[in-house]
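Trainee: Here is how the chains run, residue by residue.
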Amino acid sequence: MVAGCRAGNPASLEQFFVTHVRYVERVISRLTGPTPDLEDLVQTTFIQAFQSFGRYRGEASIKTWVTRIAVHTALHQLRSGVRRAVPLELVGDADEPNDPAAPADQQAASRQLARRLHALLDRIAPKKRVAFLLYTVEEYSIEEVAALTEASKAAAKSRIWFARRELMAMVRGQPDLRQLLEASGAQSWR
Amino acid sequence: MAMSCTQISRLSNASAGGHATQAERLELEAHLATCARCSADHALVLATTRALRGAEPEALSSAARERVRRAALAGRTQAPATVRRLGWPLTGGAVLAMAAGVAIWIGVHRPSSDVAVVAGDVTVAAAPAASGPAPAGDAVSVRSGRGGEVRLADATTTLAPATELVWRRERRVVELQAGSLTVDVAHREGQHFEVRTPRFIVEVVGTKFTVDMKGVKTDRGSVRVRNPDGGLIGYVDGGQSWLLPLSPLEPVQAAEVREEPAPAIDPPAVAAPTVSPYDGAGVRLARARRALVRGNAGEARHLAQPLFRLERDVAAEARAIYAESFLIEGRYTDAISAYQIVSRDFPSTPQAESALYAVAQLESEHDRPADARATLQNYLRRYPNGRFAKEAADRLAHLAPSQPR
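Here the protein sequences come in this chain order: A and B.
The first sequence begins at 226 in our numbering and counts up by one.
The second sequence begins at 14 in our numbering and counts up by one.
These are calculated hints, taken from the structure and not from any lab test.
Note that this is a predicted model, so its numbers are computed, not measured.
Every residue gets a Cβ at the ideal spot worked out from N, C-alpha and C, and that includes glycine.
There may be inaccurate statements among the hints.
[What the hints assert, rightly or not] Output of the computed footprint for chain A on chain B, the stretches with three or more beta carbons under 8 Å from beta carbons of chain A:
1) 25 to 32
2) 180 to 188
3) 390 to 397
[Said to hold, decoys possible] Which stretches of chain A does chain B cover? Using the computed rule of at least three CB atoms under 8 Å from a CB of chain B, they are:
4) 265 to 278
5) 281 to 288
6) 400 to 408
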């Protein structure tokens, strides 16, 4: 597939797109939080990938490579400061219906909580925010975070640490949010 | 040696992210057992991480994903053509324009390096200072007499006769004041290209399109149309057109909202949602999806139903939302029926494929193995290389013919 993509073979590019699009959506959505620009960001990621296949040397897996492009795209968006507040069409997934086993109010509460946390993350510098989310939410190792964000290991560690500290300080400053988190934590431990 | 609270907070972070070793976890637990503050902090970190991880990340609808696929593939294959198109005007365009003797360049206060008349009867001048809030020198006024071609930054624009526009280079916005223009522009990361008219805005997603004062026609790629206040009207993909309604202030009639009640399905148990006069199909679909996300199935159905008889792509998405609304209520039989309609009536849309696989999933998970087998076989026949082909084949393999109903 990679050779086909390098040669610009439409079938290979299509296969690459189908294989990775959902993952790219997920990574960008995790890093930026709810955004009406998800479609643009995913598109940018794939256009960049399609145009850069000639430079892919196979040193990392193709998934890591496209993740790096997605991370870069998300970082660029966060750094641009253009954060439109009203998510319109980018809610839910037509192909993946909600888990019918989970009560709807629980799903809504979970989303609401995540949205509030992302609103706080908006106040953290993009590089720190992205490193923190890749490490704690996406579970990438320090080495992987460093590679994905094109930073040294020390810088990645430091960014994760400071983002965590800033986020926790903000959470502590919002007693109602803290209560909600503690309640959700207690529920999940039952 | 015992760890300090600072060291422990790093371990807490690593543990929450799933990176701590067994030894580190034991050390963490030993510290937490004796330090109430760290223990509370760790609980909060865990809860925060779980909350961020637990909420499903937002995903594109299948229609949006399809738009991205088309635009991305078009961006890849058409980029060289764009370069050629831009290269020709840069090298030979000025000579041609002079030779033809029809291009007129009127001096501006600050010569614009990103505006160039390529051909035709076109006048470029500094826009009057009162024409916008942008800093002086930002705006350029462009007028065509008998029509022509102008480069605005990286966009090639073809102007119809008697077209007037203002180009705001900082924001990459064209304010169309009269006439019409065709724009050919590649998608650029982090940079939007907009054409604004008094009544609507066209945002480029990476494409070639024509705008006049009444609407937009997309030749290639996709554009997003918004109200002047920013509200989404919808997307116009390659080969499609969108025209302003005759009266944009005409509200959606209540009767229209309530038509086509679902047979054998409960009426919505919610008050009719407010419908804005500007609610286009895209906005209604978005609102219906948001209602679904909130778990409000009745409202989602109520918003989706009036769209059933609109154009194919919109109707297919509305029908898919309708089906999904039953799913979140646990009404699986209704969901199956609704998904079957999507699959049967909109066979060439991306929703049809998802719907057919959803039917198979529901049938196999709700004690209808024979139906599930038939649906999966049908899916594999229709979509041998489909997005769910592997899952469908696996699922089919696990549905033994003798499995009791």
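Trainee: Taking the earlier hints as the rules, which of them does this structure contradict?
Mentor: 2, 3, 5
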